[in-house]
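**Q** Sequence:
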Amino acid sequence: MKYPLDDNFFRVPPLSPASRQSFLDQGDKILRTFLDKTLKRDESMRWSFVGEYDGVRLLEGDIPGLKLDKSITPFRAVTKIHATLEEIAEMHACATRAQCKRFIRNYADDVLDLMTLHNLVERSTAHPLKQVYVKWTVCESPVPIIKDRDFVYLESQDLFKLSSGRRGWALCQNSIELPYVQSLQKTPLQAVRGTLNHTGSVYIETDTPGVLDVIYHISTDMKGNIHHWVRKQAMKRRARHVAALNDFVHQARLASVALKSKAELYTPSSAATTMVVHNCSLCMRDLSRARFCQSCAEPVCSRCSRKWRLPNAPADQPSVRICNVCSSAVRSGRLTSDDGHSSAPSEVSSAGSDVKARKHSSVASDVASVVSATDAKARKSSMPVEQTSGATTVVAPRRRTVDPVEMTPTKTTAKTKTTDPLRIDEDTMDLSYLKLYEAQGPAPIGNVHPQALMRPEPSTSSFVMMEPTVEFDEFDDDDASGVSTPGSRHGSMDFDDPAFAKFVDHITQAPMRQSLRIAHELSR
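Going by UniProt numbering, 59 is the number at position 59 of the sequence shown; the sequence numbering is gapless.
It is possible that part of the hints are untrue.
Straight-line distance between alpha carbons at most 20 Å, and here's what the computed SDA-like set of lysine to any residue pairs gives [said to hold, decoys possible]: (1) Lys232 - Ile145; (2) Lys2 - Asp150; (3) Lys2 - Val143; (4) Lys2 - Lys186; (5) Lys80 - Lys29; (6) Lys135 - Val192.
These are calculated hints, taken from the structure and not from any lab test.
Working from the sequences, and respecting the hints, build out all of it.
**A** So this is what it looks like as structure tokens:
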């Protein structure tokens with residue numbers, strides 16, 4: 001017995017019209033409650049800054065004067081991402097088993113299995129972003145000795161609109177009980193049934209087209225004796241998944257852009273190889289061997305380009321190399337092909353974008369400054385020689401030109417007309433509390449800020465879709481020497497297990513006080 005389970009593992013009966021309508025009513029109710037609790041300021045709730053992970057600020061909720069159970073303490077992750085509401089809604093479409101597996105593969109590697117039991121609302125032109133599901137999922141424990149947790153819940157997704165006209169999209173998950181979805185705790189998988197209490201995400205359009213504010217609210221009860229630091233580790237991992245949305249959306253956009261194959265760039269007859277290349281076209285760095293961007297066909301170095309894995313990529317080309325300029329253009333929704341014609345943009349491009357007949361447009365300012373500086377220098381690359389009858393003609397090399405385009409605040413409108421989106425009265429909503437999510441920390445001591453003395457936590461999800469430089473599987477030292485339950489994924493135990501105390505004995509040490517840590521660092 002292992003994950004993923006068979007499609008017919010749970011014997012799911014068809015819903016009666018009354019049951020279906022009841023779930024739909026519950027879905028609307030939990031989504032409105034979730035938006036009310038997430039967007040409106042609650043004076044009784046205090047959010048403490050936990051840390052920043054890959055640009056995502058993680059906060060822990062608390063009610064002053066009331067001792068909350070640490071096992072159900074809410075968390076919030078807040079950040080900005082480059083995406084559209086339509087892209088986010090498409091990512092969370094799980095009407096079929098294939099879409100569920102795609103979601104796990106591309107966006108949620110800590111989810112062991114996901115199954116949609118009932119699809120209550122079909123996507124339509126009238127409601128393109130509204131979906132209501134009854135789902136079952138099982139999540140991997142952040143600590144191998146802790147058992148996995150599974151959940152049965154109602155998920156409601158829909159578009160909403162503030163009174164100012166700004167759009168948003170949200171999803172809310174709330175646990176329900178179904179008699180035909182039995183617990184797996186007594187099976188070899190030993191998954192413990194947890195509960196979700198109005199957990200979900202809110203995506204709100206900002207003044208910058210293509211940029212969304214994200215609020216990810218997590219309120220779960222894992223059941224069992226789960227220590228608080230284990231929950232916090234799980235929350236950190238979820239926060240990093242929010243940061244990875246940027247890469248996931250970028251990956252999908254690259255997949256919709258016409259790219260050149262390696263055969264077109266590296267064959268002797270290709271146009272790219274007719275020019276002897278000595279330097280990178282962006283940073284002028286000398287090249288030991290030529291690499292070409294598969295979007296613009298310009299020579300680039302490894303620092304000015306990255307490899308990306310694309311969904312549904314052919315086996316002979318699992319990844320593509322894209323230069324930073326083209327990558328920035330795709331991220332902003334504007335990209336032109338190397339021949340000067342606009343490449344077929346994906347449906348996620350902003351409406352009315354000014355795409356001129358040039359190689360790159362709407363590029364990040366830092367890339368623009370680098371390229372503008374290189375324009376003042378003489379190019380080192382050898383120029384191709386073209387043989388003609390009677391004379392030798394030297395053909396000038398192609399030049400990288402970047403024309404930064406200022407993005408003026410505009411209102412983004414939906415491509416498909418929707419009917420009756422959820423309306424939120426912004427006059428009764430105080431969004432100024434979002435400034436509480438700015439990075440906070442202890443006050444500086446002298447001329448040294450305490451955060452400058454602390455080592456940042458290493459990132460594990462930045463550029464998650466990049467081609468790795470090291471195959472980590474080669475260093476996998478897992479063995480079968482541990483005691484495991486027959487048929488289970490790994491040996492699992494909870495905090496009431498005597499073996500757990502022995503396992504964590506070497507890591508359960510009292511943390512150093514902040515003042516002592518700073519003094520210790522200054523004395524070095």
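**Q** With reference to the structure, classify each hint as holding or not holding.
**A** Now for the hints, and whether the structure bears them out:
For the given pair, Lys232 sits about 16 Å from Ile145 by alpha-carbon distance, which is consistent with the 20 Å threshold. Using a Cα cut-off of 20 Å, the hinted pair Lys2 and Asp150 holds, with the two alpha carbons roughly 14 Å apart. Restraint check: the Cα-Cα separation between Lys2 and Val143 comes to about 19 Å, which is no more than 20 Å; the hinted pair holds. With a C-alpha separation of about 14 Å, the suggested pair Lys2 and Lys186 falls inside the 20 Å cut-off, and the hint holds.
With a CA separation close to 27 Å, the supplied pair Lys80 and Lys29 exceeds the 20 Å bound. Between Lys135 and Val192 the CA atoms are separated by roughly 16 Å; this keeps the pair inside 20 Å, and the hint holds.
Against the hints set out earlier in the document, a violation occurs for number 5 only.
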